[in-house]
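With the hints as constraints, model all of the structure from the sequences given.
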Amino acid sequence: MAKLLVVDDEANIRLLYSQELSDEGYQVVTAGSALEAVEKLESDSFDLAVIDIKLKNESGIELLQRIVKERHTIPVILCTAFSCYKDDFSAWLADGYVVKSSDLQELKDEIARVLAKRHVKGR
Amino acid sequence: MDWECCWSRDQIEPENCPYIGEGEEDLLVSQRRRIVEKCVECPRFKNDLARMKGSGYPLSDVLPYILTEFQEQKAQMGAMLSFLNSKTREIKFLREVGLVLQTSLDLDEVLSIAMTAITAGKGFGMNRAFLLMTDRERRHIRGYLGVGPKDYEEAWRTWEDIGRSNFTLRQLARDFQKTKLTSEKVKFHDILNQLTVPLADQGHIFNRALQGKKPILVENALNNPDLDRGLARILGVDTFLVMPLISRNRRIGVIIADNCITHKPITLQDMQSLETFAFPVAFALERASLYERLQEEVAKQKAANLKLREQQELIVKMEKMALVGKITSSIAHSIRNPLMVIGGFARTLLKGSSDDDEKRSYLESIVRETRQLEDVLSEVLDYSESLVPVTDFWDLNELVGKAMGELEEALEQAAVTCRMELAPELPMVRIDYKQISYCLKTITATALSAMEHGGELRIESVQDGDGVLLRISDDGKPLTKTAREALTAPFFQTQELGEGVRLSLCKSILERQGNSLSLISRPGGGNTYSIRLLTRKENI
Numbered sequence: 000m001a002k003l004l005v006v007d008d009e010a011n012i013r014l015l016y017s018q019e020l021s022d023e024g025y026q027v028v029t030a031g032s033a034l035e036a037v038e039k040l041e042s043d044s045f046d047l048a049v050i051d052i053k054l055k056n057e058s059g060i061e062l063l064q065r066i067v068k069e070r071h072t073i074p075v076i077l078c079t080a081f082s083c084y085k086d087d088f089s090a091w092l093a094d095g096y097v098v099k100s101s102d103l104q105e106l107k108d109e110i111a112r113v114l115a116k117r118h119v120k121g122r
Numbered sequence: 000m001d002w003e004c005c006w007s008r009d010q011i012e013p014e015n016c017p018y019i020g021e022g023e024e025d026l027l028v029s030q031r032r033r034i035v036e037k038c039v040e041c042p043r044f045k046n047d048l049a050r051m052k053g054s055g056y057p058l059s060d061v062l063p064y065i066l067t068e069f070q071e072q073k074a075q076m077g078a079m080l081s082f083l084n085s086k087t088r089e090i091k092f093l094r095e096v097g098l099v100l101q102t103s104l105d106l107d108e109v110l111s112i113a114m115t116a117i118t119a120g121k122g123f124g125m126n127r128a129f130l131l132m133t134d135r136e137r138r139h140i141r142g143y144l145g146v147g148p149k150d151y152e153e154a155w156r157t158w159e160d161i162g163r164s165n166f167t168l169r170q171l172a173r174d175f176q177k178t179k180l181t182s183e184k185v186k187f188h189d190i191l192n193q194l195t196v197p198l199a200d201q202g203h204i205f206n207r208a209l210q211g212k213k214p215i216l217v218e219n220a221l222n223n224p225d226l227d228r229g230l231a232r233i234l235g236v237d238t239f240l241v242m243p244l245i246s247r248n249r250r251i252g253v254i255i256a257d258n259c260i261t262h263k264p265i266t267l268q269d270m271q272s273l274e275t276f277a278f279p280v281a282f283a284l285e286r287a288s289l290y291e292r293l294q295e296e297v298a299k300q301k302a303a304n305l306k307l308r309e310q311q312e313l314i315v316k317m318e319k320m321a322l323v324g325k326i327t328s329s330i331a332h333s334i335r336n337p338l339m340v341i342g343g344f345a346r347t348l349l350k351g352s353s354d355d356d357e358k359r360s361y362l363e364s365i366v367r368e369t370r371q372l373e374d375v376l377s378e379v380l381d382y383s384e385s386l387v388p389v390t391d392f393w394d395l396n397e398l399v400g401k402a403m404g405e406l407e408e409a410l411e412q413a414a415v416t417c418r419m420e421l422a423p424e425l426p427m428v429r430i431d432y433k434q435i436s437y438c439l440k441t442i443t444a445t446a447l448s449a450m451e452h453g454g455e456l457r458i459e460s461v462q463d464g465d466g467v468l469l470r471i472s473d474d475g476k477p478l479t480k481t482a483r484e485a486l487t488a489p490f491f492q493t494q495e496l497g498e499g500v501r502l503s504l505c506k507s508i509l510e511r512q513g514n515s516l517s518l519i520s521r522p523g524g525g526n527t528y529s530i531r532l533l534t535r536k537e538n539i
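Chains G and U supply the protein sequences, listed in that same order. If you're matching positions, the first sequence starts at 0 in numbering that gives the first Met the number 0 and goes up one per residue. If you're matching positions, the second sequence starts at 0 in numbering that gives the first Met the number 0 and goes up one per residue.
One side only, chain U facing chain G, incomplete, derived with CB under 8 Å:
#1 L338
#2 G343
#3 R346
#4 E373
Simulated from the structure, these hints should not be mistaken for lab results. Idealized CB from N, CA, C, for every residue including glycine.
If you want it as structure tokens, here you go:
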């Protein structure tokens, strides 16, 4: 069972993600801030992280940068309210990118795609 | 004694004196005036005097002395009268010229009156004149205008035309300004071009005249070892006058005048008259050229003011738009998350409900309406985001690679190869991705336009203290002055539209985000643009 870390500063959204992604058969751990996310990344191992670009005290990009810098080798999917940066983001660093929506199908597809790619690469 | 001359008679007939001409008939009845004006010069009267001397009459020995003295004094009086007449004419002429010079602010009018005055028969009557003026940078004296005939035929034709007309000097000058000013400049173009002299060349006769503030009469220039024969050869005469034009100790220029057609000697009196005339000319020329410059500055200022007003209006508009963008973005963000939660859980509930559940249609409505609202929000967010800069941390090398990839076709068309030397492991820069991308593309397009015949474009990125330096170098022609100025002046001061404005906008965008743009343009060719981007957050 793939283990996911979901980072979002909205409790209700974390709840929604947990519910929906658990239904998909993933083990979901949530974090409400970048700090909490880093702590969890250090104490546990994950197959993938879903990070909101806009977090309260730190941007999701900065968290992503830290993840890359500190050699956590997990793939990352960024979630954002903006659709226009999609091309620029996906061109570097993040493995996936989705526009936040109440319809989580796109996110679920993206998670499956990234995990499959990771499995093929043997990362 | 019978006298040969008619001096002894009160009245005479016209046939009695051959020296009384038409219009002098009153002398026939006035013995006194006839003797004074005619008889003293008459050979018959001299014969009568000689005969009288032989007659032993006592006064006959004295009379010739008185006569000689009288003749000498009469000659002197005549000369003085002619001098006075010429001076009266000169004063009248100077008054006429002075009046125009004092009132005119038009450089061409001043030039026309000055040059006409020197060359017209009604003025100083010189055959030809050249006006040389100091340039704006005050480094050289340059030939500005030449007036006069080029050869005998033209001289004869012109003087005949002027002789027939009854124009005043002012009318002549107006006529000259209207019909001849431009053609005379062209006619003497070759000579004028050769008359440029640096003001620093102290030994040159122009500078000597300006230094001494006195006119110099050059005579026999071709055979005088002390003089530069070059000037005489250019002018084609060996006698000419160099008149300095000085106003309030400022060197305005020089007038060269000569009699290249008639070769009439230039007299001391000519020099003195011209010297008197040179002063108001210099003053008027200075005033007119200052006025012309003032007009240019006023026009520039007006244009700059207009541009400033437009820019201010634009800034106000942009600020308003940015504010609208910020408010919209903030509202949209705060709605988006709750909406996502509502829609998301509605979907969860919908998934868990059976097909015959009567609440299912309500849930479907919630899901549908939420989806619709989310679509509207996406549009609003994309639009509002385009109104405000969104700064974030980005990898500059990635940005460069992507932007240059988009320009690949343009590079190929311009036959330009692109060499990228991007330093690895650069810290991330805090920028608005789209705006910096725009700046990079604009600079690259400007660089390409400088490389008309292709070449190599070099793009380097290096770490520079607390920032990252991005250098774009072309090996094309140096950037135009307008474009260079655009990078030193604030956006609103850019005078002309075109490449300058785009570069100026880039500079403005970069500076607003705490970054900088500078340019080194090498005269021999090649321009280097340096963009310095900050990596620290607190400087924004």
